[in-house]
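Number of protein chains: 2
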Amino acid sequence: MEHAETKSGNGAVALLKALHAGGARICFANPGTTELTLVDALADVPEIRSVLALFEGVCTGAADGYARVSGQTPLTLLHLGPGFGNGIANLHNARRARSAIVTIIGDHASWHLPYDAPLTSDIESLASPVSVAVVRMRDPQAIGTDVARVLEAAAGAPGGPTTLIVPTDIMDVQVDPVTVPVAPPARRTVGAAHIDKAAEFVTGAQDLILLLGGDALTEQGQRAAADIVAKVGGRVLMEPYPAIVPLGGDLPPIERQAYFPEDVIRQMGEARVVLAGALKPISYFGYEGFPSQLVPDERLLCLSDPAEAGVAALEALAARLDGAVAAPAAKAPRRPTARAPDAPLSADMIVDSLVQQLPDDAIISLEGSTLGGPWLRNAGHARRHRVMTNTGGAIGQGLPCAVGAALAAPGSRVVSLQSDGSGHYTVQSLWTMAREKLPVTIIIAANHRYGILQTELNRVEAPLEDPVIASLTRLDNPRADWTALAAGYGVEAVRVTTAGEFDAALARGLSHDGPLLIQAELP
Amino acid sequence: MEHAETKSGNGAVALLKALHAGGARICFANPGTTELTLVDALADVPEIRSVLALFEGVCTGAADGYARVSGQTPLTLLHLGPGFGNGIANLHNARRARSAIVTIIGDHASWHLPYDAPLTSDIESLASPVSVAVVRMRDPQAIGTDVARVLEAAAGAPGGPTTLIVPTDIMDVQVDPVTVPVAPPARRTVGAAHIDKAAEFVTGAQDLILLLGGDALTEQGQRAAADIVAKVGGRVLMEPYPAIVPLGGDLPPIERQAYFPEDVIRQMGEARVVLAGALKPISYFGYEGFPSQLVPDERLLCLSDPAEAGVAALEALAARLDGAVAAPAAKAPRRPTARAPDAPLSADMIVDSLVQQLPDDAIISLEGSTLGGPWLRNAGHARRHRVMTNTGGAIGQGLPCAVGAALAAPGSRVVSLQSDGSGHYTVQSLWTMAREKLPVTIIIAANHRYGILQTELNRVEAPLEDPVIASLTRLDNPRADWTALAAGYGVEAVRVTTAGEFDAALARGLSHDGPLLIQAELP
Chain A
0 MEHAETKSGN
10 GAVALLKALH
20 AGGARICFAN
30 PGTTELTLVD
40 ALADVPEIRS
50 VLALFEGVCT
60 GAADGYARVS
70 GQTPLTLLHL
80 GPGFGNGIAN
90 LHNARRARSA
100 IVTIIGDHAS
110 WHLPYDAPLT
120 SDIESLASPV
130 SVAVVRMRDP
140 QAIGTDVARV
150 LEAAAGAPGG
160 PTTLIVPTDI
170 MDVQVDPVTV
180 PVAPPARRTV
190 GAAHIDKAAE
200 FVTGAQDLIL
210 LLGGDALTEQ
220 GQRAAADIVA
230 KVGGRVLMEP
240 YPAIVPLGGD
250 LPPIERQAYF
260 PEDVIRQMGE
270 ARVVLAGALK
280 PISYFGYEGF
290 PSQLVPDERL
300 LCLSDPAEAG
310 VAALEALAAR
320 LDGAVAAPAA
330 KAPRRPTARA
340 PDAPLSADMI
350 VDSLVQQLPD
360 DAIISLEGST
370 LGGPWLRNAG
380 HARRHRVMTN
390 TGGAIGQGLP
400 CAVGAALAAP
410 GSRVVSLQSD
420 GSGHYTVQSL
430 WTMAREKLPV
440 TIIIAANHRY
450 GILQTELNRV
460 EAPLEDPVIA
470 SLTRLDNPRA
480 DWTALAAGYG
490 VEAVRVTTAG
500 EFDAALARGL
510 SHDGPLLIQA
520 ELP
Chain B
0 MEHAETKSGN
10 GAVALLKALH
20 AGGARICFAN
30 PGTTELTLVD
40 ALADVPEIRS
50 VLALFEGVCT
60 GAADGYARVS
70 GQTPLTLLHL
80 GPGFGNGIAN
90 LHNARRARSA
100 IVTIIGDHAS
110 WHLPYDAPLT
120 SDIESLASPV
130 SVAVVRMRDP
140 QAIGTDVARV
150 LEAAAGAPGG
160 PTTLIVPTDI
170 MDVQVDPVTV
180 PVAPPARRTV
190 GAAHIDKAAE
200 FVTGAQDLIL
210 LLGGDALTEQ
220 GQRAAADIVA
230 KVGGRVLMEP
240 YPAIVPLGGD
250 LPPIERQAYF
260 PEDVIRQMGE
270 ARVVLAGALK
280 PISYFGYEGF
290 PSQLVPDERL
300 LCLSDPAEAG
310 VAALEALAAR
320 LDGAVAAPAA
330 KAPRRPTARA
340 PDAPLSADMI
350 VDSLVQQLPD
360 DAIISLEGST
370 LGGPWLRNAG
380 HARRHRVMTN
390 TGGAIGQGLP
400 CAVGAALAAP
410 GSRVVSLQSD
420 GSGHYTVQSL
430 WTMAREKLPV
440 TIIIAANHRY
450 GILQTELNRV
460 EAPLEDPVIA
470 SLTRLDNPRA
480 DWTALAAGYG
490 VEAVRVTTAG
500 EFDAALARGL
510 SHDGPLLIQA
520 ELP
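Protein chains in written order, with numbering that gives the first Met the number 0: chain A, 0 to 522; chain B, 0 to 522.
It is possible that part of the hints are untrue.
[Stated by the list, open to error] When the alpha-carbon atoms are kept at most 16 Å apart in a straight line, the in silico EDC-like pairs for lysine to aspartate or glutamate are as follows:
#1 B:K436 / A:D115
#2 A:K436 / A:D475
#3 B:K330 / B:D262
#4 B:K279 / A:D115
#5 A:K279 / B:D115
The hints are simulated quantities; they were obtained by calculation from the structure and are not laboratory data.
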């Protein structure tokens, strides 16, 4: 256990210094009046970088992206219950991603709360569903222990977003130096007996799938999984919505768990499935006629749960298995789409172009099925990069996650592969990209419809052409002009309709000093 | 008690028909996969109008505006916990406005919930803080009673937003015809003994203030209050943030309760204060050195609380008082700001121009202090109109509230007086305005800063020029181009910098067939 001590000051300064001592380096802020003492304190603690956003969902999504890429614990600063409300969707995703975040909410002075002023609300009730810990500060002398509680819960195993409610009267008082007992979290080790059991399970399998998720999806985990299937046969899959996964370059091939239950059932076949950091395969939604759990328990073995050390478990299992290591599994050959420069643009063409052009060590923020599925089927052929996906299904994640990724990895190019419908929810992200001059290339898949809703309605044979159904699933009246939206927020933009235009725009975006948005018109 | 009966169909159709039978006529929707059976059902129940928005906060804010203007109960259709989360800020305001709303949330099939699929969340915990009732449907045969519960709670006295959680397995089953016991809510009548007590309180006052809020702020309530002060002397005030208040034309003068505690204390002086539909005057935030409650109980009398019939109470009190009715209080003379057409634009010039040009029966959606305070000090000089204010302090209300108002009052011109900082939170409202061709004139007070935060920081003498504080309160790097944002969402727009340009743009906007946005540059 380390100990860090802060100097004296008011409660707000002491709080920020304690968070800094515990590892916080950045604060995504959209403050209001009850946070102004903290705003003032941020001026006294410049070692925590302040980044302003025009909407709270940008703050929480950016914190999520920052946490995924850096492995550190960023802060957000939000205004009371309603401001927090706007951050809930992306904190829902962050909780599924197990991203370490501390959200600070300034609350009314404790003596003012009983009067039920207009902005008073039940913050605990709002915060609990998306927080692994909610702490209300009550004693200025307890700042160190309160900070330690949220930091340990956030960065714990498995960890996740936490909420720290700070009444203004705690921030205003002078406090003594604060000691922060920082206890670095540790994942539980999987025991040798369980590795033996897993070895028996995999060697007895006719068909084997290693399903990786969480920490097991790192490069080291993927290579250990490849070693295992090289010894005993089988396939390596990733969970359907990873928080962050390295792909491409010389990494071994990895397949993604499918979306619809019938596809998962077909994909899994009769294989035995080993879970390393991944959850049991379940259906994304409950569909009449399909089970919720898509592989029965008797064909499942959990090698490591999300709170356990998955990489070490995979390596121990690989070492435990007999047999010479065979040649690593080969990637399927790449078949680029046939195209002419003036061919109307398609999702596959976008993916082909990006496979060619993506620079080393790029980070892709992926939201929406139009480009998401095609990219994850082809990412193995690109240069080495990392992909963040929408872990919790709350839309409006892609653009802010790209903001956070760019701030966490200043040397990397960030590409936002973004469906247009979901892009609108946090469109204000563009302003923070322009303000911070972030090297983000935003590709808007502009098909002007809620494609996933049409896909799901087709499944149940609903009449897509019915005027009411069409009005609730099509976004073509009017069509949003993303180049104008980008200009409104200070981001350069270009609209493309052909393969050739897209190739050129992407080349320009990937070398652009700052954000550039490409509105890619799709059918 | 009325009864309405629906025809048979699946649960979703039965639910919508029951809501229609109970008075619902419009649904502001941003649906996802768990709402698709309801989307399909909306096609079968076209008597409920479906209006799509690109963001949930637009749906809830529009429902709030619709409820305030129409007095009816609109629906919103939102997607699970995260989609609901994006609607919380404006439901917070709607709860303070006591607006009757039923929010429908499709949830996973009840048998799928235990598997904790990605979008699963604790909807009840999220909904409770902003709902006067939360009902989870569990039995398709109970649709009628569940609908009656939310409709009665929503339109009750005082009423407010309600949440109806509908699992997909309730929507999919065939159900028998549904009977909806619709019990129109009634406000409690204030008894004669209490009127006597109030008469004694007001006649014994050296100085008297009638503080009106809620239902007492109708024309009838304002005229009854004017009768009272004409008999016994005193002033009529309105609560600081009315849900909706008629002003201008031949209505008697009415002053607004101030914002800062020192101003309220000065405004109230030593007066006895009678509350009709208004809450006790309290400080908006807790400030060290000021009490939370700004008028002591011994100088307060509550004539009617928000659940009581305030207008009838005021009329009874007026009738109970002796003395001939004096001449009604005269409005203060109007002093327009001196101006030349090429003078740089100011907030006062905008207000002057609007006082001159506002047409009869317009509705103003007011958000932000830049234009809000000046308008409410001058509204009495304009033609007869109604003003909606931000009741709960959750920002991002103004634009969506204007959407709802325009749909509720098709013959009226709607003017959105909107600060730029708060406008960004629900900027997607512009798309729905364009789509529905709503006659909304949007005036963006573009000072490119969070003015209220700077005002509050000035109070505590914080250094506004400090780089960190400046970066968290100024929006000038980059400056948003609202004409481009409007174009992006299909709305015509113009940027003005002088009084003359503003006058011309306003004239154009007020006669424009559809929405027009004026970016009014202010210092």
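Here is how each hint holds up against the structure:
Only pairs whose Cα atoms come within 16 Å are accepted, and K436 of chain B paired with D115 of chain A is rejected, the gap being roughly 39 Å. The suggested pairing of K436 of chain A with D475 of chain A is violated, with an alpha-carbon distance near 31 Å, which exceeds 16 Å. With a C-alpha separation of about 21 Å, the suggested pairing of K330 of chain B with D262 of chain B is violated against the 16 Å cut-off. Note on K279 of chain B and D115 of chain A: the hinted pairing holds, with a Cα-Cα distance of about 11 Å set against a maximum of 16 Å.
Proximity of K279 of chain A to D115 of chain B is assessed by CA-CA distance (about 11 Å); at most 16 Å being required, the pair is judged to hold.
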